[in-house]
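Asker: So you can see what is in the structure, the chains are spelled out below.
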Amino acid sequence: MSTLSLARTDEGLSKAARYAILTGVLALAMAMSLMLGYRQYTPLDVWNAFTAFDGSETAVVIVNLRLPRAIIAPLTGASLGIAGVVIQTLARNRIASPDTLGLNAGASLTVVVASFVFGISSLAGLSSAAALGALLTSLIVFGIATSAGGLSPLRIVLVGVTIAGLGHAIVEVILTSNEAELEQLLFWLSGSFMDRPISLALNGLPFVLTGAAIAVALARALDALHADDSTAASLGVPIVLVRGASFVAISILTGTAVAMAGPVSFVGLVVPHAARKIVGLRHTHQIAAAALVGAIYTTLADVLARFVIYPTEAPVGALTAVGGGVVLLALLRRRAA
Amino acid sequence: MTRARTAPVLIPALLAAATLLALAGVAFGSTWIPIENVAMVLVGLGDATQSLIVLQLRLPRVVIAILAGGAVALAGYLLQRVTRNELASPSVLGVVDGAALGVVIFLAAFSNESNALILPIAFQPLAAAIGALAAIALVFVLAGQQAASAIRLLLFGIAVAAVAKALTTVLMLIGPIYRTNQAARWIAGAVNEISWSEIVIVAAALVPLVILTVAAARKLPPADLDEISARSVGLDLPVFRILIFILAALLTAAGVAFAGGIGFVGLMAPHLARLALGRGVYTGLIGSFVLGAMMLVGADLIVRVAFAPVEVPAGTVTAIIGAPYFLFLLMRKQRNDG
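In order, the protein sequence lines correspond to chains A and B. Each step along the first sequence adds one to the number in my numbering, with nothing skipped, and position 317 is 317. Each step along the second sequence adds one to the number in my numbering, with nothing skipped, and position 98 is 1098.
Keep in mind that the hints are not guaranteed to be accurate.
Footprint (simulated), chain B over chain A, 3 or more residues, beta carbon under 8 angstroms [as the list claims (entries may be wrong)]: (1) 158–164; (2) 315–321.
Sample of chain A residues with no beta-carbon within 12 angstroms of chain B, all distances over it, derived [stated by the list, open to error]: (3) 28; (4) 50; (5) 239; (6) 324.
Hints were generated in silico from the structure; no laboratory data involved. Source: prediction; values computed, not measured. Positions of the beta carbon are idealized from the N, C-alpha and C atoms, including for glycine.
Using the sequences plus the hints, can you model the full thing?
Answerer: See the structure below:
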């Protein structure tokens, strides 16, 4: 399987060409995100809005409403994509992801607790709360797995999904008892890039970059860890340190994504598979490609979300949940895990 | 065997406890109505205000909690028996979310611009049934040979449930939907604001289903055998299994059609019944129904007392209690993960 996918990437386009294509597609997706929606704008409208902002409705919509989501969507997708790669290697489990291991739900829970119970509203505060929630959840899930004497990959996912369900139930109790509007609640619980201020992206960026930097720094160690612990140890990889750092990276990336957009489901599950298909198994490449593929995926999903129930907007997380659920079914059928 | 012998004592005790809980469910609320007054109202001797509260507000939610909790628990019992999988339940196999999707599609398709339903509400359980059947069929068709593995079957169920849930969310945002304000029911399961006419529909659907369940129960012990030995006692196992799946899906649909997705009752009630009453089929069925009913009545009581005046969905309480229990089961023994 592994040699097969390595071989597949060696034929045809060079890696540089693949990255160039991915970057091009991402640029195109972001342009679509600026142009398409409730109202359609031409590339010229977009150009004018940025170069000669005239306060017209068109310019305001493009700069104040469309631009933030054209930036937050890819940023969220990239973080979740990288988190997915790291967590799948760490758990040696092709159906692991921030969602299937409950990290998204844990981060959502701490965000809701932080904002409704402790009244925290600063973005840095919420991002930290989300990262903390993701970290605690990952420790709980892996802790349960270890204390049960090592759970099979499938069973870990069941543990993660159950913890996620528990987190959602508690979030629901907090939100309904604070009388949040149902639609608001639905939207937040499903994840969305709508009506997010650009400051969210600016505040999230350093967190995402930190998480990505840790992941990249770990790439060589993850290559070794991917095989098994004894191989990694014989190659001189400090396993405990790498695991710990990986948890931190995953938590920062997942937490920031949740703080920016709410739980956008199954991105971290789907993206690593696509990334491996495109650039093979080396982690440096997996991480880079997952960032690009994740960014493209969420940006396109966000554009699609504006049209599936036009003129109403669908929460983008619901679309990625449908896509991810179908991919999960396909992976299970192929016995990928 | 000792447990089976204690069943004749335990079942009446369980029924008495359930009755007490139901009475408490009627007595507690924003205004406390003493149990003796509740009894007076029930025999037709209460004063007008208390009669109104008891008969129109409190009793309907207790009755629907009994019916819905009991129906989902029966479905869970059947699924656990026939898949020989103690982790199986209507919610993890996607049946609950499938039923919810059916209901929301029905409401979205048959509501007019002024949010009124253009079809009789009695069709709602039918929509739930179609959704539930579609979900369980999808899970088993997709799982194919892998359905033999307890854990794999559950993962297929969870994936199907995730897709159904996401579609439900999208549909609920489209509107106009008949009574969108009650949509929380199909997300989390709640028994408030249920009317007697809805209860009559659920009861009418449940009566034939429960009779069928009892009729099928006779054949459940041979169903524990393998295919060939089952055939030797005159049971076509594949066909019987499919019939039981259909029955379980319909019971779930009747339970959640109006009460919404109540989590983990279908998992826990059959386990508790087995712990308390042993492995007998009939005691298992009775125990599951009564314990399922008690769990939902109790959960509704908790949300009413703890969160008043806000209506927190009762399903969140069953989920918060049920999820750790499911984790416990997952950790306890792993085998057959294939």
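Asker: Say whether it holds or is violated: residue 239 of chain A keeps its Cβ farther than 12 angstroms from all Cβ of chain B.
Answerer: holds (24 angstroms)
Asker: Do at least three Cβ atoms from the stretch 158–164 of chain A come closer than 8 angstroms to Cβ atoms of chain B?
Answerer: Holds, because 5 residues of the stretch 158–164 of chain A bring their Cβ atoms closer than 8 angstroms to Cβ atoms of chain B.
Asker: Verify that the Cβ of residue 50 of chain A lies farther than 12 angstroms from every Cβ atom of chain B, and report whether the claim holds or is violated.
Answerer: holds (31 angstroms)
Asker: Classify the label on residue 28 of chain A as holds or violated, using whether its beta-carbon is more than 12 angstroms from each beta-carbon of chain B.
Answerer: For residue 28 of chain A, whose nearest Cβ neighbour in chain B is about 25 angstroms away, the distance exceeds 12 angstroms, so it holds.
Asker: Closest CB-CB distance from residue 324 of chain A to chain B, is it above 12 angstroms?
Answerer: violated (7 angstroms)
Asker: Is the listed coverage of the stretch 315–321 of chain A by chain B valid when you require three or more residues with a beta carbon under 8 angstroms from a beta carbon of that chain?
Answerer: Three-residue rule met by the stretch 315–321 of chain A, so holds; n is 5.
Against the hints set out earlier in the document, a violation occurs for number 6 only.
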